[in-house]
Structures are given as structure tokens and as C-alpha cells.
Amino acid sequence: MGNDILIDKRKLFDFAGKKLMILVTLLISALFFVILILLLYKSMFIFNSHSIAELLLSSTWNPEKGEFGLYSILIGTLLVTGISLLIAVPISLLSAVYIVEYAHGTIRRILRPFLDVLAGVPSVVYGLCAFLFLVPLIKDFIAPFFGIESTGLCILTASITLSIMVFPIIISLCVESFNAIPIELKEASLSVGATKWETVKKVIFRASAPSIISAILLGFGRAFGETIAVNMVVGGIPRIPTSLFAPGQTLASLIASAYGEMMSVPLYESALMFVALILFVVVLIFNVLAVFILRRAKKRWSY
Amino acid sequence: MILSLCIVIGSLLIIIGLVIFNGGSSLTLEMFTQTSSGGYYLGRGGGILNAIIGSLILALPATGLAYLIGLGISLYLQKEFTHTQISDFIRLSLDILWGIPSILYGIFCLMIMAFIGLGTSLIAGIFALTLLEIPIITRCMDESIKMVPIELKEGSYSLGSTRIETSFKVVRKQALPGIIAGVLLGLGRGIGDAASILFTAGFSDSIPESIFDSTAALPTMIFHLYSSPYPIVRERAYAAALILVLIVLSISIISRILSKRSMRFIIR
Chain P
5 MGNDILIDKR KLFDFAGKKL MILVTLLISA LFFVILILLL YKSMFIFNSH
55 SIAELLLSST WNPEKGEFGL YSILIGTLLV TGISLLIAVP ISLLSAVYIV
105 EYAHGTIRRI LRPFLDVLAG VPSVVYGLCA FLFLVPLIKD FIAPFFGIES
155 TGLCILTASI TLSIMVFPII ISLCVESFNA IPIELKEASL SVGATKWETV
205 KKVIFRASAP SIISAILLGF GRAFGETIAV NMVVGGIPRI PTSLFAPGQT
255 LASLIASAYG EMMSVPLYES ALMFVALILF VVVLIFNVLA VFILRRAKKR
305 WSY
Chain G
17 MILSLCIVIG SLLIIIGLVI FNGGSSLTLE MFTQTSSGGY YLGRGGGILN
67 AIIGSLILAL PATGLAYLIG LGISLYLQKE FTHTQISDFI RLSLDILWGI
117 PSILYGIFCL MIMAFIGLGT SLIAGIFALT LLEIPIITRC MDESIKMVPI
167 ELKEGSYSLG STRIETSFKV VRKQALPGII AGVLLGLGRG IGDAASILFT
217 AGFSDSIPES IFDSTAALPT MIFHLYSSPY PIVRERAYAA ALILVLIVLS
267 ISIISRILSK RSMRFIIR
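As you go down the protein sequences, you meet chains P and G in turn.
Take the first sequence: its letters are residues 5 to 307, numbered as in the working numbering.
Take the second sequence: its letters are residues 17 to 284, numbered as in the working numbering.
No lab work stands behind these hints, which were simulated from the structure alone.
Wrong hints could be hidden among the right ones.
[What the hints assert, rightly or not] Straight-line Cα separation of at most 25 Å, SDA-like style, residue types lysine to any residue; simulated pairs: (1) P:K206 to P:I91; (2) P:K46 to G:G218; (3) P:K22 to G:R250; (4) P:K143 to G:R250; (5) P:K15 to G:G218; (6) G:K95 to G:L72; (7) P:K46 to P:Y75; (8) P:K23 to G:T178; (9) P:K69 to P:G86.
[To be verified] If you want the footprint, here are the derived chain G segments under chain P, 3+ residues with CB under 8 Å: (10) 31-38; (11) 68-78; (12) 84-94; (13) 117-131; (14) 160-170; (15) 218-225.
[Stated by the list, open to error] Looking from chain P toward chain G, a few residues come up when the C-beta cut is under 10 Å (computed): (16) I26; (17) S99; (18) V101; (19) I103; (20) F137; (21) I164; (22) N183; (23) A184; (24) A280; (25) V295.
We put the beta carbon where it would ideally sit given N, CA and C, even for glycine.
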């Protein structure tokens, strides 16, 4: 008799536990729909008085007068992200190839934890170092070298900072995918007389192309949404940048700097929610793309 | 190739060197023993004890909560509980949540706070960090739980234990190294994140007395100090950054040691 109660108890526990786990899982899976819907709902207010085209294509950002043109900020964001990837992608790809194909075992063993630690360094620390080291460097040496006046708080500084931040991400993802290439593939290429570099270019890069693309997309997502480090060095002026040494503004950084004054002006909050919505949707698209390309690649390129 | 690797390593060494060199020279014992009330931002005496404590009481409870929720989800993703398609979809959504910029979690919490009429507070900051950490911790635990051999689970089932008992008593122990690594990865990410707690935890000069008080944290402290016109205050931002980097570094070292240690408890 007592035994039956014990079994009932355990069954009840099993049942309740499973239901609890389902509940938690559903809540988290629903999270991004909830975020999306809330952001949409909050940015509805601004659509009443401004059309989407006006918001996206006008370049005057003047919340006090009720003008919320995001064009210059969009351009600034694209410039900063694009340039940072232009710097980061070749450098990290070549480093990854070197780590996998050329480096000795000891170097590899040292580099692994080193990169892991660097991926974990908080972004505010990157921002601080860029602000106190890179900004004076660009202000006093690099900009005068090209004959341009600059405060150092500019698009280029933000791009360099971001590219340093995405190095560890792209490198570790690429190293992983290069390591997954079967050795027979490389041996076949080497045995028909290809040099090591030809093998890298035509076999390794091709075989791991999908993983490289998804690594770049993930890096893009990270750079696009980075807030604090960019906010510290980009200058924070919502104008279309005239040169690389001119200040600009990015979407994520705008939210961080406008937060304090947002409550005072009507529609301002709604406009910021629209900015957050753009950020969310773009990052979402890039992440989904990255994940799908990676999954496709796993199926197709399984040797 | 060597050149590009040198650029990577060089730029990263510069960052670490800057933080250690500049931070080390302006690091004082006062920073650990006093709060920043008074004229700390104007160059007078004081410390950043409130930020250090703030960081810990924000990140530790958040990691604990994220661990509990993440454990539930990652155990649920096993084959015994759900179809492969459903678990694939959940994994996909977790991967995407991982990639979402942390400022969006901050905004999300801000909207909820406005809805229930809560100001910037410790509890809101904990909530934002928990959301930020859940995808990280869950995906790491999930990867190691997936590796648990089916024979071990079958052994447990054949002795008559239920799925929950097997999950929490057998699978959880077998996956311990991965779980520890995931939790500490989440902790490291949570303690260093500024964007999500900027709006939610706010900023204050003193150690919070209840969970409804605003609190400072190391990242937000750095964010407030760096642009000061006083050079001495900027040096303090470096010192705060050094403390933050040391905390993150020691979390990563502890994670390695603990993971290795807990390998002993694994049945191979």
C-alpha cells in the first residue's frame, strides 16, 4: 500500500516536472515574438504622423522639432559595420588559415585560450581603450597625414574598434570549420602537385565556404548591434559623414545616447522603438541566414 | 598570413597592455573599500566599491536564475521529451536569441518596467541579465547533454527510474563539465555587459539597500568615468576596467579548472 503511494508520488513528480519544463521552454521560445510584437506596437505611434519612407529617407534628426529622419544614421551604421568587416574578414581568415595549416602545435595551444579570453573581454573595455589610445592616435597622426582635420571621434575609429572586437569570433568559427575538413581532401590536392597555398585557396576555402560565410554573417550581426564601444568613439552626431574622419552615429549607439532625453519629447520614445525594431529585424535576418547556411553546409558537405 | 596574425595578436596585446599598465598605476586600496559618493567624479577621494558589489549582486543572481531555467530547457530538449523537429526549432530560436544585441534586451525590460510602473532598479537589471544569459547557458548545456551516452540513460530507466529522475540525477551529473563551462561563460558575459543594464539598473553612488534601488555596476561605472575632463578620473576608468578584466579572466580560469576537475565524476 505504502509502495503504491510512493510510485504515485514519483509519477506525479515526473508529470509536474515535464509540464514545468514545457512551460519554461515555451516562454523562452516565445520571447522573441514578444519582443517583436512589443517593438511593433510601441513604434505604431510614430507611423500615425510620419510615413515609413519619410522616417527612412529623410536625413534630419531633430527630435525637438519632431523630425525623425533616420537616413544619415542608417548610412553611418552601414559605413561603420561595412568598413569594420572589410578590415576584419581578410585578417581573420588569413590568421585562421595560419593557425590551422602552418602554425606549430605549441603556438596553436597558446592561441586557443588566448582567443577565448579575448572573446570574453567586455565591450566597454574595448571602447575605453579605443577612446584613450586610438582616438588621440587618429587625431594627431593619421588624420593630419591625409591632410584632414579630425577630432578622432569618427567613423574610422569605430570601425577599427569593431573589427578588433569581431576578430576572435570569426577566427574561432573559421578554425573550427577548417579543422573539420577531412585530411584526405587536402592530401589529394597536395599529391597532384598543388602547392600549399593553392590547396588553401582552392580546396580549403571552397570546402568551408558556407561556414566562412556564416561566420562573416555572425560577425556582421555582432558589429551591427554593438552599442557601448561604438557609442564611446563614433562621435554621436547624426549627420551623413563626409569622410572616414568625420563623426557619425549608428542605430544602436543612438538608442544608448538618446535614452536620457527620450521621455521629454512626445513621439521620441516611439521613434527610438522604431530604431530598435530596425536593429532587431536586421540582426534577426542575418542570424537566421547564418544558421541556415551552416545547417545546409553540414548536410551537403558531409564527406 | 603571419602579418595578419601579428595584427590580431598585436592589437589585442595593446589592449591588455593598456589596461594593465594604466589601470595598475592608478589602482589603490581605496577603490575597494569606499563607495563613490561625494566628489569622486570630480577627482576627489573615494572608491568604486558600490560598482564592484553592484556587478556581483546583478550578475550572480541572474546567472543562478538563468541556470535554473536553462537546465529545464536543455533537459527538455532531449529525445525522451520532445520530437526532433520541435527541439530543432527551439535550438534555432535560442541561437538567434544569442545573437540579438544586448541593448534590445535592455529596451525590452524597459518596456515591461514602464508597463508595471517600476523605475530603474536592481531587480530590473537582474531580469535583463537573466534574459541575456539564458540562450548562452542553455545552448552550452544542451551541447554537453546531447553527448551523454544513451546506454547510461537506458541503465537508469531499466532500474525503474522516471524520466525526470534520470534527467536530474544521471544526465545532469554526466554533463557536469559542459554545464559548468556554460554557466561560467554566461556569468562572464553577464558581468561585462553594459548595454542591457544601462537603462534597467540605472546608476547610483551607494550600495543598494533593497532590490528596488538603482545600482551601479563596473561596466556602467566605466561608461560614466571615461569621458571626464579630469585626467585623474579617466585613469580611474582604466583601473575599473582592470578590475573588470581580472574578474572576467579569473572566471575563465576557474571554468577551465572546474571543468577539468569535474571530469572525474564522469562515467566513460
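We went through each hint and held it up to the structure:
1. P:K206 to P:I91: The given pair, whose Cα atoms are some 23 Å apart, holds under the 25 Å limit.
2. P:K46 to G:G218: Distance of about 22 Å is within 25 Å: holds.
3. P:K22 to G:R250: Roughly 52 Å separates the two Cα atoms, so the pair is violated.
4. P:K143 to G:R250: Distance of about 18 Å is within 25 Å: holds.
5. P:K15 to G:G218: 46 Å, violated
6. G:K95 to G:L72: Outside the cut-off at roughly 36 Å; violated.
7. P:K46 to P:Y75: Cα-Cα ~21 Å, so holds.
8. P:K23 to G:T178: 14 Å, holds
9. P:K69 to P:G86: The given pair, whose Cα atoms are some 31 Å apart, is violated under the 25 Å limit.
10. 31-38: holds (count 4)
11. 68-78: violated (count 0)
12. 84-94: holds (count 6)
13. 117-131: holds (count 7)
14. 160-170: violated (count 0)
15. 218-225: violated (count 0)
16. I26: 7 Å, holds
17. S99: Since chain G brings a Cβ to about 4 Å from S99 of chain P, closer than 10 Å, the hint holds.
18. V101: Holds, about 6 Å.
19. I103: 7 Å, holds
20. F137: 6 Å, holds
21. I164: Holds - the Cβ of I164 of chain P comes within 10 Å of chain G, reaching about 8 Å at its closest.
22. N183: 17 Å, violated
23. A184: A184 of chain P check fails; min Cβ-Cβ to chain G is 15 Å, beyond 10 Å.
24. A280: Holds, because the Cβ-Cβ distance from A280 of chain P to chain G comes to roughly 5 Å (cut-off 10 Å).
25. V295: At about 5 Å, which falls below the 10 Å cut-off, the nearest Cβ of chain G leaves the hint on V295 of chain P intact, so it holds.
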